[in-house]
Amino acid sequence: MKETLTRAISGFIYVLLLLICLCFEQALIALFFVFGLICIGEFKKLIQLKSNIPYFVFIILYAIFGYWQAVLKTSQGLNEATQILMVLSIFVELFLIKDLFSRRNIPLFATKGFLLTTFYLSSAFVFLILIANYYEDYNPNILLGAFILVWVNDSFAYLVGKNFGKQKLFEIISPKKTVEGFLGGLFFSCVASYFIATFTGTLAFTSWLILSIIISVFGTLGDLIESKFKRQANVKDSGVIMPGHGGLLDRLDSIIFTAPFIYLFLRILSYVS
0 MKETLTRAIS GFIYVLLLLI CLCFEQALIA LFFVFGLICI GEFKKLIQLK SNIPYFVFII
60 LYAIFGYWQA VLKTSQGLNE ATQILMVLSI FVELFLIKDL FSRRNIPLFA TKGFLLTTFY
120 LSSAFVFLIL IANYYEDYNP NILLGAFILV WVNDSFAYLV GKNFGKQKLF EIISPKKTVE
180 GFLGGLFFSC VASYFIATFT GTLAFTSWLI LSIIISVFGT LGDLIESKFK RQANVKDSGV
240 IMPGHGGLLD RLDSIIFTAP FIYLFLRILS YVS
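Everything in the sequence shown is counted per numbering that gives the first Met the number 0, starting at 0 for the first residue and increasing by one.
Honestly, I wouldn't trust all of these hints.
Said to hold, decoys possible - Pairs of lysine-lysine, BS3-like flavour, derived with a Cα cap of 25 Å:
{"id": "1", "residue 1": "LYS175", "residue 2": "LYS111"}
{"id": "2", "residue 1": "LYS167", "residue 2": "LYS111"}
{"id": "3", "residue 1": "LYS235", "residue 2": "LYS111"}
{"id": "4", "residue 1": "LYS167", "residue 2": "LYS227"}
{"id": "5", "residue 1": "LYS97", "residue 2": "LYS235"}
What the hints assert, rightly or not - Computed Cβ-Cβ distance ranges for the label pairs, DEER-style:
{"id": "6", "residue 1": "THR5", "residue 2": "LEU99", "range": "29 to 35 Å"}
{"id": "7", "residue 1": "PRO174", "residue 2": "GLN47", "range": "23 to 29 Å"}
{"id": "8", "residue 1": "VAL178", "residue 2": "ARG230", "range": "15 to 21 Å"}
{"id": "9", "residue 1": "VAL14", "residue 2": "VAL239", "range": "16 to 22 Å"}
{"id": "10", "residue 1": "LYS97", "residue 2": "GLU135", "range": "32 to 38 Å"}
Hints in this document: simulated from the structure, not taken from any laboratory.
All C-beta atoms in this analysis are idealised placements derived from N, C-alpha and C, irrespective of residue type, glycine included.
Assemble the whole structure, with the sequences as input and the hints as a guide.
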């Protein structure tokens with residue numbers, strides 16, 4: 000009972016902090032900057048990377064791509080660079096998906112460690128800021144909708160899996176995840192997309208429906224990939240910053256992995272509209 004209460008309070012504070020900061024652009028930029036540094040620290044421990052270079056790379060990327068476009072309100076000279084960052088991030092994440100389907104451990108030599116901290120973690124927080132500036136002016140509703148879809152997917156995947164789950168999804172990596180749970184999370188995310196489209200007044204329902212599928216699929220893959228990293232490191236959680244939940248990376252793994260794909264979809268929308 001005490002553990003459940005601790006988990007509930009910790010989760011409530013996390014969600015409340017995020018919702019408050021979403022209302023103010025500068026606060027959100029500062030929050031994701033802190034979140035990024037914490038997640039890099041947790042991930043460095045998981046992959047046993049001792050160098051501090053990833054912190055400096057994150058600060059540079061966040062300043063150039065996030066601050067430049069979101070605060071200075073100009074993408075002059077950065078559009079092409081942003082697209083390159085997006086392609087490299089997706090490319091690295093596709094390799095992580097490939098490693099997920101391999102029974103072997105994910106190779107964690109130093110060069111790959113730097114690639115992962117740069118194009119798996121650092122770039123994700125850049126894209127989260129850019130998603131909030133999709134309209135070339137700060138509007139947190141798309142980002143809020145994305146977080147809601149992540150929460151809906153995770154919650155209903157857990158509830159459906161716990162009550163109806165029989166067929167394991169990735170038993171070697173995450174024994175508790177089931178196919179039924181995944182499908183339940185996907186279904187309720189699709190349902191939630193209708194209400195998000197109705198009440199946020201951002202994208203059309205069809206766009207939110209596609210986003211719900213993207214978030215459910217890649218969010219689940221991101222969760223599984225982080226679970227594989229933790230299994231290789233022989234730890235239960237990525238950290239201890241959130242009592243009852245573990246590390247911050249444990250809470251953000253889905254949205255981190257999904258962020259480049261959400262940004263890609265939004266870019267495609269902007270071209271076809």
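Evaluated hints:
{"no.": "1", "hint": "LYS175 to LYS111", "verdict": "29 Å, violated"}
{"no.": "2", "hint": "LYS167 to LYS111", "verdict": "30 Å, violated"}
{"no.": "3", "hint": "LYS235 to LYS111", "verdict": "23 Å, holds"}
{"no.": "4", "hint": "LYS167 to LYS227", "verdict": "16 Å, holds"}
{"no.": "5", "hint": "LYS97 to LYS235", "verdict": "23 Å, holds"}
{"no.": "6", "hint": "THR5 to LEU99: 29 to 35 Å", "verdict": "31 Å, holds"}
{"no.": "7", "hint": "PRO174 to GLN47: 23 to 29 Å", "verdict": "24 Å, holds"}
{"no.": "8", "hint": "VAL178 to ARG230: 15 to 21 Å", "verdict": "20 Å, holds"}
{"no.": "9", "hint": "VAL14 to VAL239: 16 to 22 Å", "verdict": "19 Å, holds"}
{"no.": "10", "hint": "LYS97 to GLU135: 32 to 38 Å", "verdict": "35 Å, holds"}
Violated hints, listed in ascending order, are 1 and 2; each of the other numbered hints is respected by the structure.
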